[in-house]
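Start from chain A and add chain B according to the hints.
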Amino acid sequence: NAGVTQTPKFQVLKTGQSMTLQCAQDMNHEYMSWYRQDPGMGLRLIHYSVGAGITDQGEVPNGYNVSRSTTEDFPLRLLSAAPSQTSVYFCASRPGFSGANVLTFGAGSRLTVL
Amino acid sequence: LAKTTQPISMDSYEGQEVNITCSHNNIATNDYITWYQQFPSQGPRFIIQGYKTKVTNEVASLFIPADRKSSTLSLPRVSLSDTAVYYCLRGANSKLTFGKGITLSVRP
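Protein chains in written order, with the working numbering: chain A, 48 to 161; chain B, 546 to 653.
Looking at chain A on its own, in the form it has when it is part of the complex (with noise of 0.2 Å):
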């Protein structure tokens, strides 16, 4: 059981390149997210899913794309990265849909943007 695994821990990009964060969960977890975390920002929710096929946003959606084609995937895209989007980021996951808000956070990804 390996939890919620995030790929890669660490990129660095050029600015209006294209990349997909991975993030993949072994608990058949229904809800996942994603979440980005600057210096002094705490932790915003960037993209979020209550299950396959079902994608919403969060409080800084822009410049990121999600799809959940399965249970256990989420993947956050980046379509042209931008300096801005130089962040460390965290997927994370509960089972299902409930006030039960007790998330498992991946390790993290940093990315940095030139």
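Calculated directly from the structure, the hints in this document are not laboratory data.
Computed from a prediction, not measured in an experiment: that's the story for all the values here.
Using N, Cα and C, we set each Cβ at its ideal position, and we do this for glycine too.
Just to be clear, a hint being listed does not mean it is correct.
Among the chain B residues that face chain A by a calculated CB cut under 8 Å, a handful are [stated by the list, open to error]:
| hint | residue |
| --- | --- |
| 1 | G588 |
| 2 | F591 |
| 3 | L634 |
| 4 | K640 |
| 5 | T642 |
| 6 | G644 |
| 7 | G646 |
Chain B only, in chain A's frame:
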């Protein structure tokens, strides 16, 4: 999105009890209050969750007053390893939003 607010940082000494408070504006009737701990270069991890009154587990206690507009995380007898950022999270639906977190520094 409703927000949580916390002070930015606080200091303590080993062996002391530490209380960290979070304010929740416009908390909804069915919202739970959850606290997380984050060490450098790691993802946040769940500490404790509550809805009202008091909840206690093996690592912390959570106090929630009757109006539920704030919550207090209590860490008994902190050690150096409790130095971390602590976040409160509130919500009962899908948009789970965090405050900016409070950095707790525990000194010898």
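Hint check results:
A cut of 8 Å between beta carbons decides the hint on G588 of chain B: the least distance to chain A is about 3 Å, and the hint holds. About 5 Å separates the beta-carbon of F591 of chain B from the nearest beta-carbon of chain A, less than 8 Å, and the hint is met. The beta carbon of L634 of chain B is positioned within 8 Å of a beta carbon in chain A (closest approach about 6 Å), and the interface hint is therefore held. For K640 of chain B, the suggested interface contact is upheld, since its CB lies about 6 Å from the closest CB of chain A, less than 8 Å.
At a threshold of 8 Å, the smallest CB-CB gap from T642 of chain B to chain A is about 6 Å, leaving the interface hint in force. Because the beta carbon of G644 of chain B sits about 6 Å from the nearest beta carbon in chain A, less than 8 Å, this interface hint is met. Contact between G646 of chain B and chain A, as hinted, is supported at the beta carbon level, the nearest pair being about 5 Å apart and thus within 8 Å.
Of the numbered hints given earlier, the model fails none.
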